[in-house]
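Colleague: Based on the provided sequences and hints, a complete structural model is requested.
The listed protein sequences derive, respectively, from chains A and B.
Yeah, the first sequence ends on 472 if you go by our numbering, and it's all consecutive.
Yeah, the second sequence ends on 472 if you go by our numbering, and it's all consecutive.
Derived by calculation from the structure, the hints in this document are not laboratory data.
Fair warning: there could be bad hints in the mix.
Note that identical chains are pooled: a pair holds if it fits in a single copy or bridges any two copies.
Result set (SDA-like, lysine to any residue): computed pairs, CA atoms no more than 25 Å apart in a straight line [said to hold, decoys possible]:
id: 1; residue 1: 361; residue 2: 401
id: 2; residue 1: 418; residue 2: 194
id: 3; residue 1: 325; residue 2: 353
id: 4; residue 1: 316; residue 2: 120
id: 5; residue 1: 417; residue 2: 191
id: 6; residue 1: 160; residue 2: 424
id: 7; residue 1: 435; residue 2: 462
id: 8; residue 1: 453; residue 2: 93
id: 9; residue 1: 167; residue 2: 114
id: 10; residue 1: 349; residue 2: 465
id: 11; residue 1: 127; residue 2: 422
Protein chains: 2
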Amino acid sequence: MGKICHIEGVKLGCASSNTRYGKRNDSLVITLNKESTLSGKFTSNSFKAAPVKIAIKNLQSLIKGEKALVINAGNANAATGSKGIKDVKNYCKEIGSLLNINPSNVIPFSTGVIGEPLPADKYLSAFKKALPLLDKKNWKDAAQSILTTDTKQKLISKEIKIGKRIFSITGFAKGSGMIRPDFATLLSFVFVDAKLNSNSLEKIHSDALSQSFEALTIDGDTSPNDSSLLVATGKKDKQIKKNSNEERALKLAIKEVFEQLSQLLVQDAEGATKKVSVNVAKAKTLKQAKSVAFTVAESPLVKTALFGNDANWGRILSAIGRDSEINDVSRVSISINGQPMVKKGNLDPKHSEKSAARALKKKNIEINISLGLGKKEFKVLTSDLSEDYVLINSDYRS
Amino acid sequence: MGKICHIEGVKLGCASSNTRYGKRNDSLVITLNKESTLSGKFTSNSFKAAPVKIAIKNLQSLIKGEKALVINAGNANAATGSKGIKDVKNYCKEIGSLLNINPSNVIPFSTGVIGEPLPADKYLSAFKKALPLLDKKNWKDAAQSILTTDTKQKLISKEIKIGKRIFSITGFAKGSGMIRPDFATLLSFVFVDAKLNSNSLEKIHSDALSQSFEALTIDGDTSPNDSSLLVATGKKDKQIKKNSNEERALKLAIKEVFEQLSQLLVQDAEGATKKVSVNVAKAKTLKQAKSVAFTVAESPLVKTALFGNDANWGRILSAIGRDSEINDVSRVSISINGQPMVKKGNLDPKHSEKSAARALKKKNIEINISLGLGKKEFKVLTSDLSEDYVLINSDYRS
Numbered sequence: 075m076g077k078i079c080h081i082e083g084v085k086l087g088c089a090s091s092n093t094r095y096g097k098r099n100d101s102l103v104i105t106l107n108k109e110s111t112l113s114g115k116f117t118s119n120s121f122k123a124a125p126v127k128i129a130i131k132n133l134q135s136l137i138k139g140e141k142a143l144v145i146n147a148g149n150a151n152a153a154t155g156s157k158g159i160k161d162v163k164n165y166c167k168e169i170g171s172l173l174n175i176n177p178s179n180v181i182p183f184s185t186g187v188i189g190e191p192l193p194a195d196k197y198l199s200a201f202k203k204a205l206p207l208l209d210k211k212n213w214k215d216a217a218q219s220i221l222t223t224d225t226k227q228k229l230i231s232k233e234i235k236i237g238k239r240i241f242s243i244t245g246f247a248k249g250s251g252m253i254r255p256d257f258a259t260l261l262s263f264v265f266v267d268a269k270l271n272s273n274s275l276e277k278i279h280s281d282a283l284s285q286s287f288e289a290l291t292i293d294g295d296t297s298p299n300d301s302s303l304l305v306a307t308g309k310k311d312k313q314i315k316k317n318s319n320e321e322r323a324l325k326l327a328i329k330e331v332f333e334q335l336s337q338l339l340v341q342d343a344e345g346a347t348k349k350v351s352v353n354v355a356k357a358k359t360l361k362q363a364k365s366v367a368f369t370v371a372e373s374p375l376v377k378t379a380l381f382g383n384d385a386n387w388g389r390i391l392s393a394i395g396r397d398s399e400i401n402d403v404s405r406v407s408i409s410i411n412g413q414p415m416v417k418k419g420n421l422d423p424k425h426s427e428k429s430a431a432r433a434l435k436k437k438n439i440e441i442n443i444s445l446g447l448g449k450k451e452f453k454v455l456t457s458d459l460s461e462d463y464v465l466i467n468s469d470y471r472s
Numbered sequence: 075m076g077k078i079c080h081i082e083g084v085k086l087g088c089a090s091s092n093t094r095y096g097k098r099n100d101s102l103v104i105t106l107n108k109e110s111t112l113s114g115k116f117t118s119n120s121f122k123a124a125p126v127k128i129a130i131k132n133l134q135s136l137i138k139g140e141k142a143l144v145i146n147a148g149n150a151n152a153a154t155g156s157k158g159i160k161d162v163k164n165y166c167k168e169i170g171s172l173l174n175i176n177p178s179n180v181i182p183f184s185t186g187v188i189g190e191p192l193p194a195d196k197y198l199s200a201f202k203k204a205l206p207l208l209d210k211k212n213w214k215d216a217a218q219s220i221l222t223t224d225t226k227q228k229l230i231s232k233e234i235k236i237g238k239r240i241f242s243i244t245g246f247a248k249g250s251g252m253i254r255p256d257f258a259t260l261l262s263f264v265f266v267d268a269k270l271n272s273n274s275l276e277k278i279h280s281d282a283l284s285q286s287f288e289a290l291t292i293d294g295d296t297s298p299n300d301s302s303l304l305v306a307t308g309k310k311d312k313q314i315k316k317n318s319n320e321e322r323a324l325k326l327a328i329k330e331v332f333e334q335l336s337q338l339l340v341q342d343a344e345g346a347t348k349k350v351s352v353n354v355a356k357a358k359t360l361k362q363a364k365s366v367a368f369t370v371a372e373s374p375l376v377k378t379a380l381f382g383n384d385a386n387w388g389r390i391l392s393a394i395g396r397d398s399e400i401n402d403v404s405r406v407s408i409s410i411n412g413q414p415m416v417k418k419g420n421l422d423p424k425h426s427e428k429s430a431a432r433a434l435k436k437k438n439i440e441i442n443i444s445l446g447l448g449k450k451e452f453k454v455l456t457s458d459l460s461e462d463y464v465l466i467n468s469d470y471r472s
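Modeller: This is the structure:
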């Protein structure tokens with residue numbers, strides 16, 4: 075991890091609620107300057123946690139002034155009924171009041187166990203303890219505090235010079251299972267010190283997501299808590315004009331941060347031993363490319379074969395063939411890390427079992443699929459499926 | 075296993091090709107009397123193995139006279155190009171000629187490794203060796219010969235008295251992973267000594283499948299070889315009239331055989347430690363009920379929780395919530411083996427963690443889901459997801 079850029083207008087502080095994780099920090103407060111604009115994207119799951127419902131509502135009714143984010147790990151506050159909603163409203167109000175911020179400008183996020191009542195008093199005292207610690211430097215502590223089954227923190231930072239001005243982007247995320255587009259058990263917070271209007275910010279956020287968290291799957295499962303927040307804190311001197319070259323350059327840099335966070339998520343996927351990229355090309359439509367890429371990336375038989383270093387292209391072809399968007403595999407070609415596997419729906423004559431086996435031992439796997447039907451393409455990041463995935467998910471109620 | 079009824083008109087013989095499984099029988103020939111009618115249903119995967127392509131063709135152009143089935147285990151003859159097709163045509167012709175049966179009345183089936191060229195000569199000599207062994211008694215040997223990763227044979231037989239006549243139904247199947255509606259890596263052969271016309275037979279077959287192999291999933295993956303064959307061998311004295319009460323009684327009995335075969339398949343699912351039934355009720359449409367049942371039954375997080383005896387209803391609710399047919403979980407109720415879990419989208423006040431944990435330790439798990447949206451229901455059989463599933467599927471190229 076290189077230098078972490080502080081973002082003007084952003085302060086972070088964390089503390090421990092002394093609940094699921096003992097003395098480890100699990101409660102994070104972030105304050106944002108009054109110039110900040112926010113874009114939030116949330117789980118597509120119709121089962122939504124209490125904090126997600128409130129976050130969506132509050133983001134729609136932001137008023138002028140400072141904002142705050144309150145984030146807890148260890149309890150998802152999902153399926154907790156009216157008590158869950160009341161708890162969130164209450165701590166947003168209390169923290170808002172202590173920070174002199176309107177409660178509807180306080181945005182809540184949670185991750186952790188589903189369905190257990192939130193020990194709200196304990197998290198509230200942790201949030202309170204975090205307030206005197208608010209500081210622009212606390213990025214690493216913040217990135218650490220939101221983790222659940224993750225084994226590593228996911229923190230990315232970069233500087234970019236656009237024209238004569240230097241912009242900084244810093245973001246962190248958590249998540250290692252239940253990750254699927256329209257993203258899942260995923261919390262991500264990215265901050266940039268540019269001044270962007272809300273429309274531009276929304277657009278940049280959507281674009282960045284479509285090629286990062288929305289092109290990522292661990293097990294196909296999604297959660298009620300998934301949230302991605304993009305914040306622009308810049309003042310007048312950091313204004314970026316709409317549709318300018320400057321905006322395009324910044325957008326690209328933000329997209330890179332999202333992509334790098336995605337890579338970190340996949341590398342830390344539960345039990346994963348390999349990072350796998352499923353690249354579908356020559357599809358008739360984007361929908362088709364996307365559908366095939368996810369079907370292959372989520373096939374348990376493909377994922378277990380990858381874990382076993384087995385160049386089992388038959389399972390890949392079977393997964394493609396069962397996809398609802400496919401009714402013909404006779405033009406399908408498949409290669410893995412450059413090794414030919416399938417040509418026009420049959421074993422590629424150039425296939426060498428020995429070279430294929432060697433290629434499969436790599437930690438980074440590129441599965442290239444050509445459907446031979448058109449010009450569209452889509453890429454999905456995933457992991458293999460190991461015994462450890464089963465161990466982690468049968469042992470721990472996450 | 076009780077008494078195995080022989081089916082008049084059916085003879086079975088098996089031998090070994092001495093390939094993947096050494097001296098174990100892996101090649102099966104079955105002859106059917108000239109009165110027999112056949113109904114075949116095949117994989118919905120658009121990647122279809124050579125024998126499936128030929129079987130579909132031959133079943134459409136059956137001519138009067140005896141028929142034969144030739145079945146091999148160990149090699150799927152899938153993605154094997156024009157050689158694969160030629161091999162099948164060739165052994166159908168040779169075996170037909172030796173049996174004095176028209177080659178288009180010889181129906182081929184294969185199961186095993188995808189993409190390896192078929193050692194056709196070896197299977198052909200095994201089929202030839204099986205011919206002098208053809209006998210009406212060989213059901214157990216036959217059921218054994220078609221297995222691949224299965225640990226147990228799946229053979230079901232029953233007699234039913236309808237009016238004054240007694241009918242016999244005997245069937246066997248194989249499959250333990252890659253099983254999903256529109257069924258997969260599944261071969262099933264069911265025989266009844268009734269005389270049924272083709273239309274009735276097709277209808278009975280479709281109905282039986284919809285509540286058995288088409289309501290069953292191990293990992294959501296399907297194969298290029300899945301086939302189900304229903305054969306009626308009866309002569310004039312065993313005629314069953316269309317739409318009669320007799321037909322309904324027989325249909326029920328056949329359905330039971332299919333359902334019992336399904337149960338055996340799930341019990342022997344790769345690495346499974348539990349048999350799980352996901353029952354979705356009060357859905358708005360059958361499509362919705364089916365979609366939710368399969369989404370829950372195939373969720374890796376639900377399946378690993380079941381393996382871990384964890385009453386993790388949050389994962390079940392999350393799986394329901396991400397289903398494309400669902401946009402509201404506020405009326406969803408969930409119970410497992412009678413233990414209350416979720417009521418109207420939230421933790422059921424009657425939920426007891428202790429009783430739930432006890433219920434989850436059972437080997438047979440019933441997940442009852444009420445969507446609270448309508449009157450339709452659908453039930454899916456599945457298994458849990460264990461470390462052994464991963465071991466089996468990362469170790470063995472199936």
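Colleague: So, for every hint listed, does it hold in this structure?
Modeller: Hints versus structure:
For the homomeric pair residue 361 and residue 401, the shortest alpha-carbon distances inside one copy (14 Å) and between copies (21 Å) are both at most 25 Å. Taking the shortest Cα distances, residue 418 and residue 194 sit within 25 Å of each other only across copies (23 Å), while inside one copy they are farther apart (59 Å). Taking the shortest alpha-carbon separations for residue 325 and residue 353, only the intra-copy value of 23 Å comes in at or below 25 Å, while the best inter-copy value is 47 Å. In this homomeric assembly, residue 316 and residue 120 never come within 25 Å of each other (Cα to Cα): the closest approach is 34 Å inside a single copy and 47 Å across copies.
In this homomeric assembly, residue 417 and residue 191 come within 25 Å of each other (Cα to Cα) only across copies, at 15 Å, whereas the closest approach inside a single copy is 54 Å. Taking CA atoms no more than 25 Å apart as the test, residue 160 paired with residue 424 passes between copies only; the shortest distance there is 21 Å, against 64 Å inside one copy. Both within a single protomer and between protomers do residue 435 and residue 462 lie at most 25 Å apart by alpha-carbon distance, with minima of 18 Å and 21 Å respectively. In this homomeric assembly, residue 453 and residue 93 never come within 25 Å of each other (Cα to Cα): the closest approach is 39 Å inside a single copy and 39 Å across copies.
Within a single copy, residue 167 and residue 114 get their C-alpha atoms as close as 20 Å, which meets the 25 Å cut-off; across copies the closest is 66 Å, which misses it. Both within a single protomer and between protomers do residue 349 and residue 465 lie at most 25 Å apart by alpha-carbon distance, with minima of 19 Å and 19 Å respectively. Taking identical chains as interchangeable, the C-alpha atoms of residue 127 and residue 422 lie at most 25 Å apart only when they sit on different chains, with a minimum of 20 Å there against 51 Å within one chain.
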